[in-house]
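Sequence order for the protein chains is A and B. Under my numbering, think of the first position of the first sequence as 514, with each following residue one higher. Under my numbering, think of the first position of the second sequence as 514, with each following residue one higher.
Treat each hint with caution, since some may be false.
Heads up, the list lumps identical chains together, so a pair's fine if it works in one copy or across two of them.
[Stated by the list, open to error] With a Cα cut of at most 27 Å, we get these calculated DSSO-like pairs of lysine-lysine:
1) LYS729 with LYS753
2) LYS738 with LYS562
3) LYS629 with LYS753
4) LYS615 with LYS625
5) LYS660 with LYS738
6) LYS605 with LYS551
7) LYS753 with LYS625
8) LYS738 with LYS753
9) LYS660 with LYS562
10) LYS729 with LYS551
11) LYS835 with LYS660
12) LYS753 with LYS565
13) LYS839 with LYS625
14) LYS660 with LYS605
15) LYS605 with LYS738
Rather than coming from a laboratory, the hints here were simulated on the basis of the structure. The structure presented is a predicted model; accordingly, all values stated were derived computationally and were not measured.
Residues per chain, in single letters:
There are 2 protein chains.
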Amino acid sequence: MKATRPQSSLAAALVGTLAFTTANARAADPLPSWNDGKAKQSILDFVAKVTKSGSPDFVPVAERIATFDNDGCLWAEQPMYFQFFFALDRVKALAPQHPEWKEQEPFASLLKGDVKGALAGGEGAMLEIVMATHAGMTTEEFDAIVKDWVATAKHPTTRRPYTEMVYQPMLELLAYLRDNGFKTFIVSGGGIDFMRPWTEPVYGIPPEQVIGSSIKTKFDLRYGKPVLVRLPELNFIDDKAGKPVGIHQHIGRRPIAAFGNSDGDLQMLQWTAAGNGPRFCLLVHHTDAEREWAYDRESSIGRLDTALDEAAQRRWTVVDMKEDWKCVFAFAQP
Amino acid sequence: MKATRPQSSLAAALVGTLAFTTANARAADPLPSWNDGKAKQSILDFVAKVTKSGSPDFVPVAERIATFDNDGCLWAEQPMYFQFFFALDRVKALAPQHPEWKEQEPFASLLKGDVKGALAGGEGAMLEIVMATHAGMTTEEFDAIVKDWVATAKHPTTRRPYTEMVYQPMLELLAYLRDNGFKTFIVSGGGIDFMRPWTEPVYGIPPEQVIGSSIKTKFDLRYGKPVLVRLPELNFIDDKAGKPVGIHQHIGRRPIAAFGNSDGDLQMLQWTAAGNGPRFCLLVHHTDAEREWAYDRESSIGRLDTALDEAAQRRWTVVDMKEDWKCVFAFAQP
Chain A
514 MKATRPQSSL
524 AAALVGTLAF
534 TTANARAADP
544 LPSWNDGKAK
554 QSILDFVAKV
564 TKSGSPDFVP
574 VAERIATFDN
584 DGCLWAEQPM
594 YFQFFFALDR
604 VKALAPQHPE
614 WKEQEPFASL
624 LKGDVKGALA
634 GGEGAMLEIV
644 MATHAGMTTE
654 EFDAIVKDWV
664 ATAKHPTTRR
674 PYTEMVYQPM
684 LELLAYLRDN
694 GFKTFIVSGG
704 GIDFMRPWTE
714 PVYGIPPEQV
724 IGSSIKTKFD
734 LRYGKPVLVR
744 LPELNFIDDK
754 AGKPVGIHQH
764 IGRRPIAAFG
774 NSDGDLQMLQ
784 WTAAGNGPRF
794 CLLVHHTDAE
804 REWAYDRESS
814 IGRLDTALDE
824 AAQRRWTVVD
834 MKEDWKCVFA
844 FAQP
Chain B
514 MKATRPQSSL
524 AAALVGTLAF
534 TTANARAADP
544 LPSWNDGKAK
554 QSILDFVAKV
564 TKSGSPDFVP
574 VAERIATFDN
584 DGCLWAEQPM
594 YFQFFFALDR
604 VKALAPQHPE
614 WKEQEPFASL
624 LKGDVKGALA
634 GGEGAMLEIV
644 MATHAGMTTE
654 EFDAIVKDWV
664 ATAKHPTTRR
674 PYTEMVYQPM
684 LELLAYLRDN
694 GFKTFIVSGG
704 GIDFMRPWTE
714 PVYGIPPEQV
724 IGSSIKTKFD
734 LRYGKPVLVR
744 LPELNFIDDK
754 AGKPVGIHQH
764 IGRRPIAAFG
774 NSDGDLQMLQ
784 WTAAGNGPRF
794 CLLVHHTDAE
804 REWAYDRESS
814 IGRLDTALDE
824 AAQRRWTVVD
834 MKEDWKCVFA
844 FAQP
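Just chain A, with the same shape it has in the complex (with noise of 0.2 Å):
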């Protein structure tokens, strides 16, 4: 694993020629970390199909919606969801202001680097860490928190940024779908406002096309300045029956072309496929432990097993990591 980041005018010409070479590769194969096979002619049957004008199967430009899960879907989620690995350093860097974690549950476990045993305490001591490091800021500061996590944090095994474990096959589909003029939305049941302050420099996804899960706000004015504060109350679960609720929500539209990889996922793209007209639902199934992790039905992160047997039954793309991509890291490219 080399850094890819120049070093002098030398490195900068010959990025400069790289990135030429790559423009070029992409107009002649918009998937270039995709082997050639079923998952990848499916996809581009599809935008073939619905992009044509005067075809039966043509679909406006207004109504190419296309939703991505994110968890596992365009990052990685191994070995645990990142967002879990920010609350945790927020645990870290708040604990000297509450002494009183020391001896409470299940911050006294998490500052003892007891992950399992804090989690004992079930979904109750998820929603305390995730209210105590989630809330009680303002939006403004919430979205500096994420930004420096974001900037300065390093995922425990390959010590890369956590914004540089994206799938760059799903970075070129998620362009060669805009490309064809596609709006593409992360629907996730991660926290909404922890992936906006990063999703448009890292996926090109702006934050109004971003759905997730999310805590109340409160509007009040501080000295005269109008403030949102974060609230400790839960507000929505963006997750299994909760994505289709949230698409409704946020884009009042039924996506023509829907992405995830867990059953989390299933319900978005049951009430995808369920529209009239040409749909499109695939499934990224984590088959590789070299280059990445391998799990499904039993895994409980990510956990693929009810979405893969429908998958099967109704056709839908399941991308087998191992054979269809290139390469799954850009740091990594073979």
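Let chain A serve as the given structure and place chain B on it in line with the hints.
Relative to chain A, chain B alone:
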């Protein structure tokens, strides 16, 4: 008031010429229905400033977010909010299925034409009317109901379809902002699913850029077909202090320009004005009893009182409809 639909090929040709002339006029003056004056000039100055690349006030396209109230700002709201006329029409349409309404308030009074009596029950009565007419069906069914109503219902005094009761100067303003790279959003106290079926053809604003009040929905499988069922339970009130909350929830980015007409828009304007860099806030003041309606501080609908004072103090643009607008509705061109 003459019909403007072409009835013959001659008429079509004339309309073609007119369209050409209008396009030319728009190039010369992007806001032809606005009289020259302070209000118009303040809009032109703001747009020139934020779009001039290299200027200290330049705003990148991605951040050119403009939010518009709907009732009384983009379309009329007298003698009652139009969504309330929709609810009344729905009560009448549904009455045969609800024989009990003959004896049950607020429906009994409504069905006798006694709106005042029906609303004597205050917010509780209003909520009952909303839930009886807006919940209990799927989102697709509700969409069809709204589209049908919009296509057939007529305003009680002008006898025009409600979607013709939109302000021509504001349509020009929306188009002008979009021509200059702005993304235009609606942020209304009205129902999000009541607006979305028609905002795209009428205002050029797609469903994903409409923010409004909502009831909860629930994902369900009906005979294997996924549906979203509208529940008789409030989800969000997008009014007053709710507007910045709704903006944050849906857009995740602070607008640089906001347009309203009542005290219900005050917090949206405050939130917009409080951002860094150039900001633009505008209130439409209903001063034209002849061409529209004249009302402000004492009105129960669209009250403009505190916000009018704050606009004066903060030098926000206040549009005097009578003085600043050459025409109000396209069907009543001078």
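Each hint tested on the structure:
no.	hint	result
1	LYS729 with LYS753	both (20 Å within a copy, 16 Å between copies)
2	LYS738 with LYS562	between (51 Å within a copy, 25 Å between copies)
3	LYS629 with LYS753	within (25 Å within a copy, 44 Å between copies)
4	LYS615 with LYS625	within (9 Å within a copy, 67 Å between copies)
5	LYS660 with LYS738	within (23 Å within a copy, 41 Å between copies)
6	LYS605 with LYS551	neither (46 Å within a copy, 55 Å between copies)
7	LYS753 with LYS625	neither (33 Å within a copy, 46 Å between copies)
8	LYS738 with LYS753	between (38 Å within a copy, 16 Å between copies)
9	LYS660 with LYS562	neither (39 Å within a copy, 29 Å between copies)
10	LYS729 with LYS551	neither (43 Å within a copy, 40 Å between copies)
11	LYS835 with LYS660	neither (32 Å within a copy, 48 Å between copies)
12	LYS753 with LYS565	neither (33 Å within a copy, 45 Å between copies)
13	LYS839 with LYS625	neither (40 Å within a copy, 71 Å between copies)
14	LYS660 with LYS605	within (17 Å within a copy, 54 Å between copies)
15	LYS605 with LYS738	neither (30 Å within a copy, 47 Å between copies)
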